[in-house]
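J.: Same order as they appear, the protein sequences are chains Y and R. Quick note: the first sequence uses full-length UniProt numbering, first residue 1, plus one each step. Quick note: the second sequence uses full-length UniProt numbering, first residue 1, plus one each step.
Incorrect hints may appear among the rest.
Unchecked claim - Derived DEER-like restraints, expressed as beta-carbon distance ranges:
hint, chain 1, residue 1, chain 2, residue 2, range
1, R, R297, Y, R430, 49 to 55 Å
2, Y, E81, R, R427, 40 to 46 Å
3, Y, R573, R, G122, 25 to 31 Å
4, R, R427, Y, N185, 31 to 37 Å
5, R, P157, Y, E472, 44 to 50 Å
6, R, H190, Y, R430, 35 to 41 Å
7, R, T499, Y, E95, 25 to 31 Å
8, R, G429, Y, E81, 49 to 55 Å
9, Y, N65, R, H190, 54 to 60 Å
10, Y, R573, R, R427, 57 to 63 Å
Don't read these hints as lab results, they were simulated from the structure. Heads up, the beta-carbon is just placed ideally off N, CA and C, and yes, glycines get one too.
So you can see what is in the structure, the chains are spelled out below.
Protein chains: 2
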Amino acid sequence: MQNSRSKPCSCPSLKLREVASMYLTVVAAFLVILVVALQGSVPRQSDFPYKVPLDPQGLLELSWNVSYPEQAVHFQLLIRELQFGLLFGMSDRGEFENADLAVLWSDGHNSYFGDAWSDAKGQLHMDSQQDYQLLGARRAPEGLYLLFRRAFSTCDPKDYLIEDGTVHLIYGILEKPVHSLQAINISALHGGLQRVQLLKPNISIPELPQDMKTMEITAPDVVIPSQETTYWCYMAELPEGFPKHHIIMYEPVVTAGNEALVHHMEVFQCAAEFDSFPHYNGPCDSKMKPERLNYCRHVLAAWAMGAQAFYYPEEAGLAFGGPGSSRYLRLEIHYHNPLVFKGRRDSSGIRLYYTATLRPHDAGIMELGLVYTPVMAIPPGEDSFILTGYCTDKCTQLALPAAGIRIFASQLHTHLAGRKVVTVLSRDGRERQVVNADKHYSPHFQEIRMLKEVVAVFPGDELITTCTYNTEDRSRATVGGFGILEEMCVNYVHYYPQTQLELCKSAVDPGYLHRYFNLVNRFNDEEICMCPQVSVPQQFYSIPWNTFNRDVLRSLYGFAPISMHCNKSSAVRFPGEWEKQPLPRITGRLREPGPRCPPAPGPQPAAPVPLQLGQLR
Amino acid sequence: MQNSRSKPCSCPSLKLREVASMYLTVVAAFLVILVVALQGSVPRQSDFPYKVPLDPQGLLELSWNVSYPEQAVHFQLLIRELQFGLLFGMSDRGEFENADLAVLWSDGHNSYFGDAWSDAKGQLHMDSQQDYQLLGARRAPEGLYLLFRRAFSTCDPKDYLIEDGTVHLIYGILEKPVHSLQAINISALHGGLQRVQLLKPNISIPELPQDMKTMEITAPDVVIPSQETTYWCYMAELPEGFPKHHIIMYEPVVTAGNEALVHHMEVFQCAAEFDSFPHYNGPCDSKMKPERLNYCRHVLAAWAMGAQAFYYPEEAGLAFGGPGSSRYLRLEIHYHNPLVFKGRRDSSGIRLYYTATLRPHDAGIMELGLVYTPVMAIPPGEDSFILTGYCTDKCTQLALPAAGIRIFASQLHTHLAGRKVVTVLSRDGRERQVVNADKHYSPHFQEIRMLKEVVAVFPGDELITTCTYNTEDRSRATVGGFGILEEMCVNYVHYYPQTQLELCKSAVDPGYLHRYFNLVNRFNDEEICMCPQVSVPQQFYSIPWNTFNRDVLRSLYGFAPISMHCNKSSAVRFPGEWEKQPLPRITGRLREPGPRCPPAPGPQPAAPVPLQLGQLR
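With the sequences and hints as input, model every part of the structure.
T.: Here it is, written out as structure tokens:
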């Protein structure tokens, strides 16, 4: 059928009806070609470098690649035990409502594939524009492979816009035949969500030295607890007298069969102030865990599901070993075991690649965002309240070398109410570049991400970190702090060359916050005790949260001067005046890149219509 | 050429390259057909009920009709002295930048028509989607007629969305040949703007009674002053003993040749408190104008350029004459004479159609919005500051009859900073219906507009009027008041049956405003005298307008209780407690109707792709 030919049609001028019928014929021909093409194609495994299991049993396995020239993602979905089809798609935060879905369904006889969307009630609808483009389908011994393509941006208002940062993938399994897409009842499906960074940066791998060695920091064959969530802590140590090395790369080591259970892993270095740390191998929240392990918080390596190996840029490495650095390391593994498997053994961890031939620069980690203080608070019942932390020009002027620093990776961090995190670089009052942005940030998916482009930061630049919080489920204010129900707004940026600046963060001036409490007190008719001896959290908890008090708090944070923490370490500030600093003024904002749409064919082609009027004059 | 025929092509299956070449042939064929069609069509004059001159000389005359089923406007543009083409289009407020334009241009040999847009610098670009669709072009003795069509909404982001309310039309004349659209230099064009209500409501004309009489209130052959702007005042009077009648319709009487000069006209009835009013015929701002004419402010009829006859609904008429009503009328004509014509004589005015056979109901006029008081103020330098006036449930509960009232027309009113006005009806805390909305409101174009649908208002309903102001060109606060540089926010709604409620307006509670002044005083480090003996405008003028003070004023207006004016006349309130009333709570907002786009053809047709996988299970 593919080989059948007909003479090319040459139609110099046609009547309208003929043109219309011809068009329909063309469409029909396209469809036939497509179905034929589907039978012929064979997915190539090597083309999909990124892979995650979608479900905890690993029955659905997603591989993908990213084409930046095409601005599209190619997906390969392996369905190990296909029943009557499945849903795969994306939504804002992993919900099944308002989702953008590719659906494969069978009525028991025939199978269909289509691009669909679910409304706010979860009802499925066929998309008027089909943007999950099926490229192939193939049966193999391990299951059915579906191959499809999706542009980052489709301009269909029902479609999800694929952006940098976290993407919440959802899946659902059809266990019964369905006669149409509309007949699928989403609430009755067996399904779930998986978070990934879909748009992996396209980075070339630096050359690795000859003398590279490896070291595995792995769990010692532990039994994964039969509960949904476990943070496992294991203490490892470097050999005595281990000299300074550079970590130049690391990668995950995941025990075969546990791919769907090992959610994320981090290796922390302990504080050099203590000569020794106790051994420990057990849950991080156990009462048996020695107190001192809380001093093992300096990140050496972090991995989360879906991430690949992490490479340092060839000019830099992360120093470890040597004098002034602790020998003790803490491995933390988050096991996610929603099906409560029992007796699974695990030896996962991280393999460090390091060299004694030190690279030109030590890499450093700097904290941007907000100081951990209760003066920065979020009223209850907010769907998207924004807090902003500043690293001011005055601090970078003082602390950065004239040649600047290069940020190459970033790890965003908030506690449970965090929904979005963005850091922007501003110079001379104008926003210049997004350092890292995640509009679908989840506190349950914090990974160190390589930046698409290295960001150069010079003395006098400003780094502004904005966090968006949702407190709709809370009944009292959420204040800043270390507790899990308190909040943070942090971007750990990885950069080189290392400087003394470890922390460049801000908080509102406490005096202005005090004026706010006074104002609330005077303005509202209720009598609230805003006595100065009461703690800041207590004062926040007693505010009656009407629209005025909410609005004025928002305005206060957008107006009041700040207290800057421009610190060498968490306790030592650079010399200078850091209290009551003016907020950075931003006069030029970066424009949101508009969605790039395929040119919409209008009612007439985009060319001037020639008129036969003769000369006008 | 139109008659040439070719055999229909039947192409059961084609290779891709053949399909592509065929598509191009189809496009070419469409173009040929289109040009042929243009030659044949003849515009019908009767099809375009609405007409305005675009330029002050009347060389460009626009007629149009509105098709609500098609959601499109058909334009007929008469160009009396065509040179090398013209631009016609629409923009937010009549500017030539960011405009949506239909362009006819000639390179001296050939002429072209296209849909274009201008960017923020005024540079022209061809639209990728051609939405001004040329339907015909015809030479006639009086000039060239261009006929074209434009959908209200095109979904091309470069296009103007045609909505209810004012539309700013712009035109520009090409006086030299141009070789391409891009070569047109907008800043060098002779051009201008004209405001019209493009989407006239589609209302059937009520039957008119047999005994209908007419009365013309017209200027007595005045010489139009040779200056750009004149408001002309002329006093007329009803015969002595003229009994009560109902005005059931009125229409403009415009002296032939002055169509482009007579901008708008109103007939006011004088206050019944005065037995007589002096004669006057002269400019309204003349020092010679008797003071007492300021008591002639009750609108009987209002017309603005582009408007047609105004018909009262068949159940109601506007009462005039009879005891308790003044015999004196004031005609006000706004002459707009930018070319400073000298010695033009004019006898324009309004023709009232009235009947002695009174209709079942008197029509009434009610003022909604804000009280004229300085407590409602707009900070300087705001591009869109919103003030809201309320007619509360408590007032409508008390003042409206159980059967409710029917609003059938509305006249929006602000002073010079007004940019948008919207009134929404809310019931049980949920917005139900837009009473009248003008998102491109201009204080220079205030006409009484028939509503598309009559709005029924019942006791307990709320009417919320929102005005948006631009004070970017001002250096001090703009307070509410009667002065031309003070502001108002009013919707005069025309309704029946008439009730005692003449005024249902609000303003912020003065006590809360006082707390705001105190707060500003305490919160800002500057020492400002906010002494209580200083007037409210003086206190507003002395505020340092930083972001905090702006934000908090906005929050205050959105939070503080209001003082209600629920009045029988401007001085007499209905009995009840009207101070410190709570703001109406709105829990459900009306959704902005999304633009209705033609379905966008996607990369694949919107149908499921059948897969030949056999049975899945």
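J.: Looking only at beta-carbon atoms, does the pair H190(R), R430(Y) fall within the given range of 35 to 41 Å?
T.: 38 Å, holds
J.: Can the suggested window of 54 to 60 Å be confirmed for the beta-carbon pair N65(Y) and H190(R)?
T.: 57 Å, holds
J.: Just to be sure I understand the hint, the distance between the Cβ atoms of P157(R) and E472(Y) should be within 44 to 50 Å; is that true here?
T.: Given range 44 to 50 Å: violated, Cβ gap about 32 Å.
J.: 31 to 37 Å was suggested as the range; check whether the CB atoms of R427(R) and N185(Y) agree with it.
T.: At roughly 35 Å between Cβ atoms, N185(Y) and R427(R) fall inside 31 to 37 Å, so the hint holds.
J.: Take the C-beta atom of R297(R) and the C-beta atom of R430(Y), compute their distance, and say whether it sits inside 49 to 55 Å.
T.: 51 Å, holds
J.: So does E81(Y) sit 40 to 46 Å from R427(R), Cβ to Cβ?
T.: Roughly 55 Å apart at Cβ, these two residues miss the hinted range, so it is violated.
J.: Taking the CB of G429(R) and the CB of E81(Y), does the distance hold inside 49 to 55 Å?
T.: Holds - the Cβ-Cβ distance for G429(R) and E81(Y), about 51 Å, lies within 49 to 55 Å.
J.: Do the beta carbons of R573(Y) and G122(R) sit within 25 to 31 Å of each other?
T.: This hint is violated: roughly 52 Å between Cβ atoms.
J.: Could you check the hint for me, namely that T499(R) and E95(Y) are 25 to 31 Å apart, CB to CB?
T.: Given about 50 Å between the Cβ atoms, the range is violated.
J.: R573(Y) and R427(R), beta-carbon distance inside 57 to 63 Å?
T.: Once the Cβ atoms are compared, 59 Å apart, the range 57 to 63 Å for R427(R) and R573(Y) holds.
Checked against the numbered hints given earlier, the structure breaks hints 2, 3, 5 and 7 and satisfies all the rest.
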